[in-house]
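*Asks:* What follows is each chain in one-letter form.
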Amino acid sequence: MNMNLKIRNTLAEIIGALIAMVWMWFKLNETSIMTIESVSKILAQGIGISIILIIALHIVFNILSSIITGKYEKDIDDERDKIYELYSLQLSSAIFGISLVITLILLGWFNLTINTGLIAITFSGFIASIVSLFLKIYLYRY
Amino acid sequence: MFKKKIHIENSVRRLRFNNDEMTQEQLADLVGISRQTVVAIEKYKYTPSLELAFKIALAFNKEIQEVFFINQ
Numbered sequence: 001m002n003m004n005l006k007i008r009n010t011l012a013e014i015i016g017a018l019i020a021m022v023w024m025w026f027k028l029n030e031t032s033i034m035t036i037e038s039v040s041k042i043l044a045q046g047i048g049i050s051i052i053l054i055i056a057l058h059i060v061f062n063i064l065s066s067i068i069t070g071k072y073e074k075d076i077d078d079e080r081d082k083i084y085e086l087y088s089l090q091l092s093s094a095i096f097g098i099s100l101v102i103t104l105i106l107l108g109w110f111n112l113t114i115n116t117g118l119i120a121i122t123f124s125g126f127i128a129s130i131v132s133l134f135l136k137i138y139l140y141r142y
Numbered sequence: 143m144f145k146k147k148i149h150i151e152n153s154v155r156r157l158r159f160n161n162d163e164m165t166q167e168q169l170a171d172l173v174g175i176s177r178q179t180v181v182a183i184e185k186y187k188y189t190p191s192l193e194l195a196f197k198i199a200l201a202f203n204k205e206i207q208e209v210f211f212i213n214q
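Residue numbers (the numbering used here), protein chains in the order written: chain A, 1 to 142; chain B, 143 to 214.
These are computed hints drawn from the structure, not numbers from a lab.
Every value quoted in this text rests on a predicted model; they were computed, and no experiment measured them.
Errors might be hidden in some of the hints.
[Claimed, not checked] Each computed EDC-like pair below joins lysine to aspartate or glutamate, with the alpha-carbon atoms no more than 16 Å apart:
hint: 1; chain 1: A; residue 1: K82; chain 2: B; residue 2: E193
hint: 2; chain 1: B; residue 1: K185; chain 2: B; residue 2: E205
hint: 3; chain 1: B; residue 1: K197; chain 2: B; residue 2: E208
hint: 4; chain 1: A; residue 1: K71; chain 2: B; residue 2: E167
hint: 5; chain 1: B; residue 1: K187; chain 2: A; residue 2: D81
hint: 6; chain 1: B; residue 1: K204; chain 2: B; residue 2: E193
hint: 7; chain 1: B; residue 1: K187; chain 2: A; residue 2: E79
hint: 8; chain 1: A; residue 1: K41; chain 2: A; residue 2: E30
hint: 9; chain 1: A; residue 1: K74; chain 2: B; residue 2: D171
hint: 10; chain 1: B; residue 1: K197; chain 2: A; residue 2: E79
hint: 11; chain 1: B; residue 1: K197; chain 2: B; residue 2: D171
hint: 12; chain 1: B; residue 1: K185; chain 2: B; residue 2: D162
hint: 13; chain 1: B; residue 1: K197; chain 2: A; residue 2: D78
hint: 14; chain 1: A; residue 1: K74; chain 2: B; residue 2: E167
hint: 15; chain 1: B; residue 1: K187; chain 2: B; residue 2: E151
[To be verified] Examples of chain A residues lying across from chain B (beta carbon under 8 Å, computed):
hint: 16; residue: N4
hint: 17; residue: K6
hint: 18; residue: I76
Virtual Cβ for every residue (Gly too), placed ideally from N, Cα, C.
Starting from the given sequences, assemble the full structure and let the hints guide the process.
*Replies:* Pasting the structure below:
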């Protein structure tokens, strides 16, 4: 598979977000009493973990690629990258916006607890980001 | 009539070879884009902006219509 720098970095972001989501899921399941404090702590830690993981995976992927190909690839952001970034941002905003409204409706009319609402909003942010990153890969590949 | 989608094609690949077999990397450096964008333009997968199209034409010392044209 011909994988350029942009696709590699996007894959790093997807993997980082997925690992953080799985970590949060397990942590939330482990918690016996779900208070707003404990849930908020786990979600904030999960977001932090995803950021650190994405940075670390960027570095690892680029080092591995340099070792395998034997050459350094410059990271240039041109107009094509900006357009694809915009498409991906539009998609993630739409997904996040829709899930936010659904969560608010569930909170307001269907007795969803505030903790579940918080979890739903955070996870929908991650899912929106992952879906938009897949769109970016699709645009770069096809 | 003009609402119909048009397919813009280009002769970037041919012009590169006619210019001392210029590499995609060299053209990318000349106009300030990534090599992958040159690849996408040559495969007609990406249509560049007017500004970038002019830059590419200038890199080959050609008029824009000699580089980018509509496939009727």
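*Asks:* Hints first: check each against the structure and report whether it holds.
*Replies:* Verification of the supplied hints:
no.	hint	result
1	A:K82 with B:E193	15 Å, holds
2	B:K185 with B:E205	21 Å, violated
3	B:K197 with B:E208	13 Å, holds
4	A:K71 with B:E167	13 Å, holds
5	B:K187 with A:D81	13 Å, holds
6	B:K204 with B:E193	14 Å, holds
7	B:K187 with A:E79	14 Å, holds
8	A:K41 with A:E30	14 Å, holds
9	A:K74 with B:D171	11 Å, holds
10	B:K197 with A:E79	13 Å, holds
11	B:K197 with B:D171	11 Å, holds
12	B:K185 with B:D162	21 Å, violated
13	B:K197 with A:D78	13 Å, holds
14	A:K74 with B:E167	11 Å, holds
15	B:K187 with B:E151	10 Å, holds
16	N4	5 Å, holds
17	K6	7 Å, holds
18	I76	4 Å, holds
When the structure is compared with the earlier hints, violations turn up for hints 2 and 12 and for no others.
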